[in-house]
Amino acid sequence: MADPMKIRANLVGDSTEVKVLMNHEMETGQRKDAQGKTIPAWFIQSVSATCNDKTVLSAQWGPAVSKNPFLSFKFKGGAKGDKVVITWVDSRGDKRTDEATIA
Amino acid sequence: MLALLAAAGWLKPDAAHAQAWNKAAFETHDMAETMKALGGAEPAQSKDIVFFQTPDIAENGAVVPIGIASNIPKTDSIAILIEKNPNMLAATFDIPAGTEPTISTRVKMGQTSNIYALVKADGKYYVASKEVKVTLGGCGG
Chain C
868 MADPMKIRAN LVGDSTEVKV LMNHEMETGQ RKDAQGKTIP AWFIQSVSAT CNDKTVLSAQ
928 WGPAVSKNPF LSFKFKGGAK GDKVVITWVD SRGDKRTDEA TIA
Chain Y
19 MLALLAAAGW LKPDAAHAQA WNKAAFETHD MAETMKALGG AEPAQSKDIV FFQTPDIAEN
79 GAVVPIGIAS NIPKTDSIAI LIEKNPNMLA ATFDIPAGTE PTISTRVKMG QTSNIYALVK
139 ADGKYYVASK EVKVTLGGCG G
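For the record, the sequence lines run as chains C and Y. Each number in the numbering used here comes from the position in the first sequence (counting from 1) with 867 added on. Each number in the numbering used here comes from the position in the second sequence (counting from 1) with 18 added on.
It should be emphasised that the hints constitute simulated quantities derived from the structure, not laboratory data. Accuracy of the hints is not assured; some may be wrong.
Unchecked claim - Derived pair list, reagent style DSS-like, types lysine-lysine, alpha-carbon separation capped at 27 Å:
| # | chain 1 | residue 1 | chain 2 | residue 2 |
| --- | --- | --- | --- | --- |
| 1 | C | K921 | C | K962 |
| 2 | C | K873 | C | K934 |
| 3 | Y | K41 | C | K904 |
| 4 | C | K943 | Y | K142 |
| 5 | C | K899 | Y | K148 |
| 6 | C | K873 | C | K947 |
| 7 | Y | K151 | C | K899 |
| 8 | C | K941 | Y | K148 |
| 9 | Y | K151 | C | K921 |
| 10 | Y | K142 | C | K947 |
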């Protein structure tokens, strides 16, 4: 199981600002190890964020997204105390879901 | 009643369920190929797409901050394309109604390249670009 994400969700005016830091190698499949063998690609392919069961962002990523990906976005309709739930699925089929309360 | 509940549960869209990963789009090498894989026509240049937090010169190509804001009404999605990376498409973001068409993230760049922000709004594609100079690449070994 991958390490948890760090999620921050803050109400600014009438929109919720979400900042996410994920823990993932995001291996590109371009690098070689010391023996000259290609290190296979391994990266987060899809990300979705929901608040009150409504999708507020969904994304598809390639290996060009940086290691330990950072993501920030804003949406309307959240209130203090609501939960923002974020899920990612990687190229090996592993997934991880974490949540944060809007402050 | 049970059947009704089940039907209601069945009909309720699974919000957390992600779309299938668009493998073809992430294996393209130029703009025309990428647009074809995304199912769009040639994008129009737009001044309503703005880069923010994006450096002119990135010292470390492994971590290049990219911020994109679209001022085009009805923006449905934003994609980041890096011209000289091994595969051009880096990420796509679907923006549902109620979410601001503004995203920021960090990407890898193999070398100095143009970055394209591709926006789909009301069924049409728009693009803006910015060159980012890389002094140390982020894709090699």
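Hints and how they fare:
Pair hint C:K921 plus C:K962 holds up; C-alpha atoms about 20 Å apart against a cutoff of 27 Å. With a C-alpha separation of about 14 Å, the suggested pairing of C:K873 with C:K934 holds against the 27 Å cut-off. At roughly 24 Å between alpha-carbon atoms, Y:K41 and C:K904 fall within 27 Å of each other, so this suggested pair holds. A threshold of 27 Å between alpha carbons decides the hint, and for C:K943 with Y:K142 the separation of about 24 Å falls inside it, so the pair holds.
For the given pair, C:K899 sits about 30 Å from Y:K148 by alpha-carbon distance, which is inconsistent with the 27 Å threshold. Distance hint between C:K873 and C:K947 is fulfilled; the C-alpha atoms sit about 18 Å from each other, no more than 27 Å. Among the hinted pairs, Y:K151 with C:K899 is consistent with the structure: their alpha-carbon atoms are about 24 Å apart, no more than 27 Å. For the suggested pair C:K941 and Y:K148, the alpha carbons sit about 23 Å apart, so the restraint of at most 27 Å is met.
Of the pairs offered as hints, the one joining Y:K151 and C:K921 is violated, with about 39 Å between alpha carbons and a cut-off of 27 Å exceeded. As the CA atoms of Y:K142 and C:K947 are separated by approximately 36 Å, the hinted pair breaks the 27 Å bound.
Going through the hint list in order, the structure does not satisfy hints 5, 9 and 10.
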